[in-house]
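> Working from the sequences, and respecting the hints, build out all of it.
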Amino acid sequence: MSEGGVRITVRPNGPLRVEGEIVLSDAEGRQWDLQGKPAISLCRCGMSANRPFCDGAHARNGWQCQAAPPENLT
Numbered sequence: 001m002s003e004g005g006v007r008i009t010v011r012p013n014g015p016l017r018v019e020g021e022i023v024l025s026d027a028e029g030r031q032w033d034l035q036g037k038p039a040i041s042l043c044r045c046g047m048s049a050n051r052p053f054c055d056g057a058h059a060r061n062g063w064q065c066q067a068a069p070p071e072n073l074t
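Numbered according to our numbering, the sequence shown spans residues 1 to 74.
Hints in this document: simulated from the structure, not taken from any laboratory.
Just so we're clear, the structure is a prediction, and the values are computed from it rather than from any experiment.
Watch out, some of these pointers could steer you wrong.
As the list claims (entries may be wrong) - Each pair of labels, with its calculated beta carbon distance range:
no.	residue 1	residue 2	range
1	Glu71	Leu24	30 to 36 angstroms
2	Glu71	Gly29	36 to 42 angstroms
3	Asn72	Lys37	20 to 26 angstroms
4	Gly36	Asn72	39 to 45 angstroms
5	Ile22	Gly46	19 to 25 angstroms
6	Trp32	Thr9	18 to 24 angstroms
7	Gln66	Gln35	31 to 37 angstroms
The C-beta atom is built at its ideal place from N, Cα and C for all residues, glycine as well.
Here you go:
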């Protein structure tokens, strides 16, 4: 990962793992305090009680979603 870059990994049947210098804001522009957090996991299933963050609800509820780029993505 380049200096100052952000990396997002789609976890199979799980959250979006975001690593790097992260700024997370709501629709009004208010920011979460992510000081000292080099990575966060964002909910992808919509079941987390701690949205936008993942709390593992996907695993407790059997949520499944495989995601991969199309073969022809360049």
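> For Glu71 and Gly29, compare the CB-CB distance with the range 36 to 42 angstroms and indicate the outcome.
Given about 38 angstroms between the Cβ atoms, the range holds.
> Can you tell me whether the CB distance of Glu71 to Leu24 sits inside 30 to 36 angstroms?
32 angstroms, holds
> 18 to 24 angstroms was suggested as the range; check whether the CB atoms of Trp32 and Thr9 agree with it.
Once the Cβ atoms are compared, 19 angstroms apart, the range 18 to 24 angstroms for Thr9 and Trp32 holds.
> Is the hinted range of 31 to 37 angstroms satisfied by the C-beta distance from Gln66 to Gln35?
34 angstroms, holds
> Is 39 to 45 angstroms respected by the C-beta to C-beta distance linking Gly36 and Asn72?
Once the Cβ atoms are compared, 40 angstroms apart, the range 39 to 45 angstroms for Asn72 and Gly36 holds.
> Does the Cβ pair Asn72, Lys37 satisfy 20 to 26 angstroms?
Given range 20 to 26 angstroms: violated, Cβ gap about 35 angstroms.
> Starting from the range 19 to 25 angstroms, see whether the pair Ile22 and Gly46 falls in it by beta-carbon distance.
About 21 angstroms separates the Cβ atoms of Ile22 and Gly46, which means 19 to 25 angstroms holds.
The structure fails hint 3 only (numbered hints given earlier).
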